[in-house]
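Asker: Sequence lines, in order, name chains A and B. The first sequence begins at 0 in numbering that gives the first Met the number 0 and counts up one residue at a time. The second sequence begins at 0 in numbering that gives the first Met the number 0 and counts up one residue at a time.
All the given hints hold, so there is nothing to weed out.
To give an idea of the interface, some chain A residues facing chain B are shown, with a C-beta separation under 8 Å as derived from the structure: (1) R76; (2) V156; (3) L179; (4) R209; (5) I228.
DSBU-like, lysine-lysine: derived pairs with alpha carbons at most 35 Å apart: (6) K210(B) x K210(A); (7) K344(B) x K320(B); (8) K218(B) x K210(A).
To be clear, the hints were calculated from the coordinates, so they are not data collected in a lab. Ideal placement from N, C-alpha and C gives every residue a C-beta, glycine not left out.
Protein chains: 2
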Amino acid sequence: MAEGTTRTLAVQRLEDFIASVLGALGLPESDAATCAVRMIESDLRGVDTHGIFRLPHYCQRIRAGGVNLRPKVRPVRENAVTALVDGDNAMGQVVMTYATQLAIEKAAEAGLAWVGTFNGNHAGCAAVYSTMPVAHDMVGMYMTVANGNHMPPWGGVERILGTNPISIAIPAGTEPPIALDIATTVAAAGKVKLAAQKGETMPIGWMIDRKGQPLTDPKRASEGFLLPIGGYKGYGLNVVIGMLAGVLNGAAFGRNVVDFTQDFATRNNSGHMVLAMRVDNFQPAHAFKREMDRVIREIRESERMEGVDRIWLPGEMEFYKIRERREKGIPVNPALMEQLRQLAKELQLPDRLE
Amino acid sequence: MAEGTTRTLAVQRLEDFIASVLGALGLPESDAATCAVRMIESDLRGVDTHGIFRLPHYCQRIRAGGVNLRPKVRPVRENAVTALVDGDNAMGQVVMTYATQLAIEKAAEAGLAWVGTFNGNHAGCAAVYSTMPVAHDMVGMYMTVANGNHMPPWGGVERILGTNPISIAIPAGTEPPIALDIATTVAAAGKVKLAAQKGETMPIGWMIDRKGQPLTDPKRASEGFLLPIGGYKGYGLNVVIGMLAGVLNGAAFGRNVVDFTQDFATRNNSGHMVLAMRVDNFQPAHAFKREMDRVIREIRESERMEGVDRIWLPGEMEFYKIRERREKGIPVNPALMEQLRQLAKELQLPDRLE
Numbered sequence: 000m001a002e003g004t005t006r007t008l009a010v011q012r013l014e015d016f017i018a019s020v021l022g023a024l025g026l027p028e029s030d031a032a033t034c035a036v037r038m039i040e041s042d043l044r045g046v047d048t049h050g051i052f053r054l055p056h057y058c059q060r061i062r063a064g065g066v067n068l069r070p071k072v073r074p075v076r077e078n079a080v081t082a083l084v085d086g087d088n089a090m091g092q093v094v095m096t097y098a099t100q101l102a103i104e105k106a107a108e109a110g111l112a113w114v115g116t117f118n119g120n121h122a123g124c125a126a127v128y129s130t131m132p133v134a135h136d137m138v139g140m141y142m143t144v145a146n147g148n149h150m151p152p153w154g155g156v157e158r159i160l161g162t163n164p165i166s167i168a169i170p171a172g173t174e175p176p177i178a179l180d181i182a183t184t185v186a187a188a189g190k191v192k193l194a195a196q197k198g199e200t201m202p203i204g205w206m207i208d209r210k211g212q213p214l215t216d217p218k219r220a221s222e223g224f225l226l227p228i229g230g231y232k233g234y235g236l237n238v239v240i241g242m243l244a245g246v247l248n249g250a251a252f253g254r255n256v257v258d259f260t261q262d263f264a265t266r267n268n269s270g271h272m273v274l275a276m277r278v279d280n281f282q283p284a285h286a287f288k289r290e291m292d293r294v295i296r297e298i299r300e301s302e303r304m305e306g307v308d309r310i311w312l313p314g315e316m317e318f319y320k321i322r323e324r325r326e327k328g329i330p331v332n333p334a335l336m337e338q339l340r341q342l343a344k345e346l347q348l349p350d351r352l353e
Numbered sequence: 000m001a002e003g004t005t006r007t008l009a010v011q012r013l014e015d016f017i018a019s020v021l022g023a024l025g026l027p028e029s030d031a032a033t034c035a036v037r038m039i040e041s042d043l044r045g046v047d048t049h050g051i052f053r054l055p056h057y058c059q060r061i062r063a064g065g066v067n068l069r070p071k072v073r074p075v076r077e078n079a080v081t082a083l084v085d086g087d088n089a090m091g092q093v094v095m096t097y098a099t100q101l102a103i104e105k106a107a108e109a110g111l112a113w114v115g116t117f118n119g120n121h122a123g124c125a126a127v128y129s130t131m132p133v134a135h136d137m138v139g140m141y142m143t144v145a146n147g148n149h150m151p152p153w154g155g156v157e158r159i160l161g162t163n164p165i166s167i168a169i170p171a172g173t174e175p176p177i178a179l180d181i182a183t184t185v186a187a188a189g190k191v192k193l194a195a196q197k198g199e200t201m202p203i204g205w206m207i208d209r210k211g212q213p214l215t216d217p218k219r220a221s222e223g224f225l226l227p228i229g230g231y232k233g234y235g236l237n238v239v240i241g242m243l244a245g246v247l248n249g250a251a252f253g254r255n256v257v258d259f260t261q262d263f264a265t266r267n268n269s270g271h272m273v274l275a276m277r278v279d280n281f282q283p284a285h286a287f288k289r290e291m292d293r294v295i296r297e298i299r300e301s302e303r304m305e306g307v308d309r310i311w312l313p314g315e316m317e318f319y320k321i322r323e324r325r326e327k328g329i330p331v332n333p334a335l336m337e338q339l340r341q342l343a344k345e346l347q348l349p350d351r352l353e
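Chain A on its own, in the form it takes in the complex (with noise of 0.2 Å):
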């Protein structure tokens, strides 16, 4: 690992630096900046594994011709309200940007739209785009394939499924909106990662062994599978989320996902669907999000268990690191700045982020 300290550097100059970049490798200049504010949404919400984070990453992609860079984004099958939206092997953010404003904009005209997208990427963490059609006084609904396999199905050993999240985002008035985002595994693929980097044990119901006895060794990650949300509620719902994401937009799911952190070649084929809904359909917004604002208080000046401070809802320590992170930017670890700076270099870029 990189000596040194963590440096924290202002929103605008990552995203520039992002964009640079991917602009250097061949991304129009509008798609580039698409990803920069994407991916630093991301680092906004306190996700740090979806942000800046992956750049060094999708620029391997994009050197070993994993990406196309001149996509042409449609919607192959279109209605008033559901869309197909073919994503040309676009990055992820690109083809997701596209998908999620197509799915307010028909639902801005006929209340609800669920668009679906194949032939994508990684697009980034799931809440960025679930909470887009908040600011449209919006409910927002986004699942995706998780782009690697490390779970077997419920009873299996073979792994065929992956992390597969959901997010939802609901308008709130003046307290922070909802935005659940969640893996249906117990703990990220990274958590494991990041605890045998630590030397440390993982709690019992993060993983199992092949034979379904408790995992807990980190350095043994390998011979073991993640454990899904709730047991089998968990897998059901990881299923249906690749289901819904993946099988009905002609995507992958199953043995057909490739590993996008070993092979950066191979295309893709990510699923994504996200949906919208005005809810002015149910009751005027105004009226809905004061109603919200009341359950939110309730919930969260409801007794506490002794020792814990404060009731967080979905969505809301992002709320307060987004608020943060714009205020005093975002940290960047030694390791990952060596490997931005040395991107930097490679392209020539006039930021080089010394």
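Place chain B on chain A using the hints.
Answerer: For chain B alone, kept in the frame of chain A given last:
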């Protein structure tokens, strides 16, 4: 508990019995028939806690004036793809049959529909409604606010959340359709009661006490709380379901939920949502269903853990249970049989289940 052995009765006889009980209590014939069919569909799926088992309890509510016997179930807001349905405090099965059929009609026209309800009641097993669109080659989704609170928010000790379930159903070809139906708590309240009756210990992970320690003695259940699936993840999903099925529709959620097992007379204002979407928005139905069959088989036929006989898909066990019970009948335990006979006697029904 009543003595005797469990009897198995034919589907038609039990449907007729339920319809005659509800008819004798004043429900219009067609509403009584609807309730009977929906309730027995729960039993057919093997969800014995949500079918005819509830009849004595529903009758208590009806007799206490807790249900409107002559309701006008109708949309109070509506467009081509959404509707808000006022259940007018009708039996939950009547409200949700109306709402689900409305969602299917709208989706048949427009491709997609979301119908929410307020002023409803307990409607039985979630999958009964999510699977109704499947026969029309549609994806179905259903969420509801449970009719009683058994869980605190994550970090809290005040029971203001229920087991709020979600159910998602997806058509397949020659394979059983997918039908996920999960509560967002690890264990259902009924399972805890059953463990207490049997004098069994609960596994760690079902419940915690007020200090957050595992609670394994089901006789001490009142001192503790059900746990959500995946900890804070299931808590978040639970809250989001409550907001989409409850708050959005102006239905009860949080402290204003009525515990319908304790209070028979107060209007429940139970909230539900159902979504229906034609799969042929995305690809021809036959092609989608063929691909679903392939994916289902890939999962089922993947390598199993030692000692595991079969990998099940969500809803597959219930599919075979339906087939078995349609043929052989539905088991009624002696305690329930005694209650049903008592009802038959009081209401002087022709069939007293002798």
